[in-house]
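Participant: Using the sequences and the hints given, assemble the complete structure.
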Amino acid sequence: MSEPILQIEGLVKRFGGVLATDNVSFDVAPLETHAVIGPNGAGKTTLISQLSGALRSDAGVIRFKGEPISNLPPHQRSLRGLARSFQITSVFMEMTVLQNVALAVQAHRGHSYRFWRPAAGDAELEAPALECLREVSLHERRDVRAASLSHGEKRQLEIAMALATEPDLLLLDEPMAGMGREESERMINTLKDLKGEKTMLLVEHDMDAVFALADRITVLVYGRVIASGAPDEIRNDEAVRRAYLGDEGA
Amino acid sequence: MARKASTSLIPPLGEIRFTTWFMLIVLLIFALAPVLTEITGTPFYLSVATRLIILSIAAVSLNLVLGYGGMVSFGHAAFIGLGAYAVGIPFYYDITNGFLQFGLAIVVSALFALVTGAICLRTKGVYFIMITMAFGQMVYFTFLSLNEYGADDGLSIYKLSQFPGPIDFTNKVQLYYVCFASLIVSLFIVHRLVNSRFGMAIRGAKGNEERMRAIGFNTYAYRLTCYVISGAMCGFSGALLANFTNFLSPEMIDWTRSGELMFMVIFGGTGTLFGPFLGTAVFLGFYTFLAQFTTYWQLWLGVLILISVLFVKGGINGLIDKIEGVVRKRPVSAPAATPAEAKDE
Ligand SMILES: Nc1ncnc2c1ncn2[C@@H]1O[C@H](COP(=O)(O)OP(=O)(O)OP(=O)(O)O)[C@@H](O)[C@H]1O
Ligand SMILES: [Mg+2]
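Quick mapping for you: the protein sequence lines, in order, are chains A and B. In my numbering, each number is its position in the first sequence, counted from 1, plus 790. In my numbering, each number is its position in the second sequence, counted from 1, plus 199.
Source of the hints: derived by calculation from the structure; they are not laboratory data. Backbone N, C-alpha and C define an ideal beta-carbon position, used for all residues, glycine too. Among the hints, erroneous ones may be present.
[What the hints assert, rightly or not] Reference excerpt, derived from the structure (chain A facing chain B, CB under 7 Å, subset only):
{"no.": "1", "residue": "Phe816"}
{"no.": "2", "residue": "Asn861"}
{"no.": "3", "residue": "Pro864"}
{"no.": "4", "residue": "His865"}
Facilitator: Structure representation (structure tokens):
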């Protein structure tokens, strides 16, 4: 296997007495789709936030493209090619769909100390933004305020904004959260299109989606990795069945 | 549905917003104010108009950080004070060169914004409000203790800022037009600024800072830049104010002044171009007229604030938008949501 794009070694995060991330180590290979699953409160979002820089780790090292990034602030990690989406939809509600994505493009087109020319209508920003909206089939809603989108559309917008930063690694925190059947299917199709083109670290509860998309799966329980491997291994892993899959009454 | 955003400089007449029409008319009236007050023999109102315009510039500058940037600064009167003393203190030493005084006002205010902003912007929410207020009070008490420059008695300015050529600030009409032109320029600057890439970065940081950082913006640096620009603009208005009142005292820096400035911005409509002017007009209207009839004018002002916060989102500007929505039979949304609205998830 080629050099991993993301290496996580001994990552720890404590919230008071709670060990939300307990000595987590695993790798993500280039262009793989790596799913992280685990019951509620297992520490999946915490892990994503540590990787994106929103949370500081108490111990451990994160290497991205071979370089340690543990001490970089979120925006610098983004500029190096790390993008995240949020479990709880986090977009710019009062801006239009296009503005949301154009802003993400803008972040990666040099500095924004440009005070005079209007950003609206700037093809350098809007052309790539539209491209990303097309990838998630949201381009027809470009001039709608984000606040007026349906829940499913907001989730699609989340993905488009992450894509607009032209990331080398996508950290997706439950992209299907709160979605109905139809919306989920649309999201799965979007992710299937991305699979193989983008490296993805996918946190997801929807097991159908996980087994349909993942090349490898890491299972977190109480902040600890209890198993990591190919989907078939995970499906048949005794510890996983007991701790997690069994719980679902599958 | 896909209403293309008009990219040409002048949109078709039907697309011009009511607020824009309203302001064009109001500004036209103000452009003629010296003539109108001359004809009607009410020079007192020219002085009210001058004060209104100067305070509007300060409100416009506060709106840049508060309305567009979501930084609730409770210490902006400090910049007015710094700008005013940048005229007063040089005057005290017989330096009355206008370019020097105004330049000093801008530079000192910008530096003060840079240093205090660098600290304040490390905090959020209520802490930001408190710490900006604390810095404001620090400036207040500093000037209060400077006996050399009058301390709490203040400092009278017998010789106004001198400019080469025909500009003469002792001429009330000329001073008025300089202030008026300054307001127009300030509005134009803010208009360009908030629609530029920089403006989008600022507005994004207001709406959702965590997301901004996640997509790659150093929000702290952009906010600080915005704060510095705002401070410089506010300091400029202070230099005008010193020339208008011929007098300065620490009282113009007190935190209640900052509060009034906030009122003007919020009542006019935060995050709208003309809101600060409208809010200042209402405030001065109350101050000028109601104060003649009742000593409780501030009470009525309070009632007005309550009504506007409870029933009219987006202040006066929001009210005009609402009227436009009824007349044109389609909803008209303000360009930037109020802080309360922004958290609708
Ligand atoms: N900011 C915080 N402060 C204190 N405790 C926290 C904080 N964030 C998370 N936790 C705790 O850390 C643990 C892991 O939470 P986390 O949100 O990472 O779980 P998760 O796997 O994403 O859960 P879910 O599937 O519900 O999204 C939980 O016990 C949670 O209560
Ligand atoms: Mg989570």
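Participant: Confirm or reject each hint.
Facilitator: Against the structure, the hints:
Given the 7 Å rule on beta carbons, the hint for phenylalanine 816 of chain A is violated: about 22 Å separates it from the nearest Cβ of chain B. Restraint check, asparagine 861 of chain A versus chain B: the minimum CB separation of about 15 Å is more than 7 Å; hint violated. Because the beta carbon of proline 864 of chain A sits about 4 Å from the nearest beta carbon in chain B, less than 7 Å, this interface hint is met. The closest approach between the C-beta of histidine 865 of chain A and any C-beta of chain B is roughly 5 Å, which is under the 7 Å cut-off, so the hint is satisfied.
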